[in-house]
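The primary structure of each chain is shown beneath.
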Amino acid sequence: DTEVTQTPKHLVMGMTNKKSLKCEQHMGHRAMYWYKQKAKKPPELMFVYSYEKLSINESVPSRFSPECPNSSLLNLHLHALQPEDSALYLCASSQDLSGSGSYNEQFFGPGTRLTVL
Amino acid sequence: QKEVEQNSGPLSVPEGAIASLNCTYSDRGSQSFFWYRQYSGKSPELIMSIYSNGDKEDGRFTAQLNKASQYVSLLIRDSQPSDSATYLCAVNQPYSSASKIIFGSGTRLSIRP
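Chains as they are written, first to last, in the working numbering: chain A, 1 to 117; chain B, 1001 to 1113.
Bear in mind the hints are in silico, worked out from the structure with no lab data behind them. Fair warning: this is a prediction, and the values are worked out from it, not measured in the lab. Backbone N, C-alpha and C fix where the C-beta goes; we use that ideal spot for every residue, glycine too. Please note: incorrect hints may appear among the correct ones.
Claimed, not checked - Distance condition first, Cα-Cα at most 25 Å in a straight line; then the derived DSS-like pairs of lysine-lysine:
no.	chain 1	residue 1	chain 2	residue 2
1	A	K38	B	K1067
2	B	K1100	B	K1067
3	B	K1067	A	K53
To be verified - If you want a taste of the chain B side facing chain A, the calculated C-beta under 7 Å gives, among others:
no.	residue
4	S1032
5	S1043
6	P1044
7	S1049
8	G1054
9	S1084
10	L1088
11	N1092
12	F1103
Using the sequences plus the hints, can you model the full thing?
What follows is the structure, given as C-alpha cells:
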C-alpha cells in the first residue's frame, strides 16, 4: 500500500476547463514533488516543494500552478491546458532535501491519468 | 551526453535465471542511486537504494555501485514472470539547492516462462 495518495485517478478535461489534482502523503515527509510522465518515457520533474515553499520550478508553463497548503498536501491547478499536456501526473515525497542518503528517497503516489480534449 | 544512460531493451530472460540491468551516469559528484520498478500503467516503485561502493542485497535483488567507473547495476536472481516491468535507474543531482533525481530512460525486462 502506498502512503502517497492522489485524486482523482483519471481526469478528462477540455481546453477551457479549470481542474485540480490533489496529493496527500502520510509519512511525515517535508519535500513533495510533481512529475509528468508521457508513455514510454521517464518521469519529468515539474515542481519541488520543501517545507511548504516552492524550491524548484522546472520552467513549467503557467497553465500549471502548484500549491502546497501544508506539509502533507500538494495540489496542482490546471487551466487552459493543451492536448499535448495529456499524461500521467505523479506526486512524490521524500524526507527532506538533504544532499545525500536516504533523505533523497522519493516515494510515488499512484498518479492521475489526465486526458485533455 | 545523457546524464543517466540505460539500455532500453527489451531484455528477455528465462524464468529462474539472473537478470542484469545496467546504468551509467555522467556526474562524478552524484552520491545517491536508486532503482525503481514500473509496471505498465502504474507509478514507479522504489526497490533499491545504494550510496556506497560495493554490493547491497535485499531478497532477490542486489544493487552494485562502482563510483570510479560511474556505473550502477541491478541483479535480479531467480527471475519470476512478475518481475517483467520497466526498471528505471535514478541518480541524485548534486550541488543543487534541493534534492533532485535524474531518471534514465528505463530498461524493459521481460521474463519468459
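Hints, verified against the model:
Between A:K38 and B:K1067 the alpha-carbon distance is near 31 Å, which puts this suggested pair outside the 25 Å criterion. Under the criterion of a C-alpha separation no larger than 25 Å, the hint pairing B:K1100 with B:K1067 is consistent with the structure, at around 19 Å. In summary, the hint linking B:K1067 to A:K53 is not supported, as the alpha carbons are separated by about 33 Å, beyond the 25 Å threshold. Hint status for B:S1032 relative to chain A: holds, with the closest Cβ pair at about 5 Å, below 7 Å.
Interface hint status for B:S1043: upheld, as the beta-carbon distance to the closest one in chain A is roughly 4 Å, under 7 Å. Of the supplied interface hints, the one on B:P1044 holds, with its beta-carbon coming within about 5 Å of a beta-carbon of chain A, less than 7 Å. Given hint, B:S1049 at the interface with chain A, holds; its Cβ is 6 Å from that chain's nearest Cβ, closer than 7 Å. For B:G1054, the interface hint is violated, the least distance from its beta-carbon to any beta-carbon of chain A being 16 Å, above 7 Å.
Restraint check, B:S1084 versus chain A: the minimum CB separation of about 15 Å is more than 7 Å; hint violated. For the restraint placing B:L1088 at the interface with chain A, the shortest Cβ-Cβ distance is roughly 6 Å, inside the 7 Å limit, so the hint holds. For B:N1092, the shortest C-beta to C-beta distance to chain A is roughly 5 Å, which falls under 7 Å, so the interface hint holds. A hinted interface residue such as B:F1103 counts as satisfied when its beta carbon comes closer than 7 Å to some beta carbon of chain A; here the least separation is about 4 Å, so the hint holds.
Violated hints, listed in ascending order, are 1, 3, 8 and 9; each of the other numbered hints is respected by the structure.
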